[in-house]
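Colleague: Sequence:
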Amino acid sequence: MNGWYLYILSGIVVTLKYAFFAAIVGISFGSILAIARISENILLKNISRLYISLIRGTPLMVQLSIIYFGISGVFEVRISPTVAGLVAFSMNSSAYIAEVVRGGILAIDKGQFEAAKALSIPHYLTMKDIIIPQVFRNISPSLVNEVISLIKESAIIAIIGESDIMRRAQLAASATYDFFKPLLFAALCYYVLVLVLSIIAKYMEDKINANYK
Numbered sequence: 000m001n002g003w004y005l006y007i008l009s010g011i012v013v014t015l016k017y018a019f020f021a022a023i024v025g026i027s028f029g030s031i032l033a034i035a036r037i038s039e040n041i042l043l044k045n046i047s048r049l050y051i052s053l054i055r056g057t058p059l060m061v062q063l064s065i066i067y068f069g070i071s072g073v074f075e076v077r078i079s080p081t082v083a084g085l086v087a088f089s090m091n092s093s094a095y096i097a098e099v100v101r102g103g104i105l106a107i108d109k110g111q112f113e114a115a116k117a118l119s120i121p122h123y124l125t126m127k128d129i130i131i132p133q134v135f136r137n138i139s140p141s142l143v144n145e146v147i148s149l150i151k152e153s154a155i156i157a158i159i160g161e162s163d164i165m166r167r168a169q170l171a172a173s174a175t176y177d178f179f180k181p182l183l184f185a186a187l188c189y190y191v192l193v194l195v196l197s198i199i200a201k202y203m204e205d206k207i208n209a210n211y212k
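Quick note: the sequence shown uses numbering that gives the first Met the number 0, first residue 0, plus one each step.
Read the hints as simulated data drawn from the structure, not as lab findings.
Since the model is a prediction, treat every value here as computed from it, not as a measurement.
We put the beta carbon where it would ideally sit given N, CA and C, even for glycine.
Hints are not guaranteed to be accurate.
Capping the alpha-carbon separation at 30 Å, the derived lysine-lysine pairs in DSSO-like fashion look like this [to be verified]:
#1 201 <-> 109
#2 127 <-> 16
#3 44 <-> 116
#4 206 <-> 16
#5 201 <-> 127
#6 109 <-> 206
#7 127 <-> 109
#8 151 <-> 201
#9 16 <-> 201
#10 151 <-> 16
#11 44 <-> 109
#12 206 <-> 151
#13 127 <-> 116
#14 127 <-> 206
#15 16 <-> 180
#16 127 <-> 44
Distance ranges between label pairs, derived from CB positions [as the list claims (entries may be wrong)]:
#17 116 <-> 56: 31 to 37 Å
#18 151 <-> 31: 22 to 28 Å
#19 176 <-> 12: 24 to 30 Å
#20 136 <-> 196: 16 to 22 Å
#21 38 <-> 193: 31 to 37 Å
#22 58 <-> 113: 40 to 46 Å
#23 175 <-> 151: 20 to 26 Å
Make a model of the complete structure from these sequences and hints.
Modeller: Next comes the structure, spelled out in structure tokens:
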């Protein structure tokens with residue numbers, strides 16, 4: 000296979016698609032889970048706690064396999080690798096981001112909640128306009144780190160045949176009968192992506208720290 004390195008490089012788009020889509024859905028759903036987790040509604044609190052516990056307590060590969068192989072077998076429906084991957088990664092990411100957001104909310108001075116309550120500001124407006132903006136400003140480096148984790152974990156999508164960096168490296172290795180160079184090149188691609196995002200996370204952290212000085 001001539002130009003196998005270009006073939007592997009084109010898998011970056013697929014890898015980033017999973018990482019950023021899962022992060023966006025994870026932030027959205029994870030924020031809802033975090034708010035439910037600290038709510039006074041016992042039902043919502045227990046449901047969110049159970050979901051987070053189940054997702055964080057089982058391997059992502061198992062979750063992906065259940066969605067792609069298990070659900071297809073039980074309900075006799077065909078789920079595409081892309082849909083299965085995006086659902087599995089989004090579900091997994093939301094559970095981890097929920098705990099990050101919850102920690103960010105709990106770190107906010109309780110006096111702000113009390114002041115909003117004293118001013119008769121509805122709870123949902125307090126969260127939306129006062130608390131959540133501060134939380135995301137504080138946890139933004141952690142969210143970038145979650146994207147970094149998703150990029151590395153996305154390599155398992157190769158087990159269901161999705162053409163990401165890892166899968167393309169495997170195919171290139173099989174075609175050239177040289178497993179070392181394609182897999183080494185794939186590792187380099189992951190490393191560069193992680194390095195770039197790590198620099199972004201460090202920059203964001205420095206900016207946030209500068210604003211507090």
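Colleague: Are any of the numbered hints broken by this structure? If so, which, sorted upward?
Modeller: none
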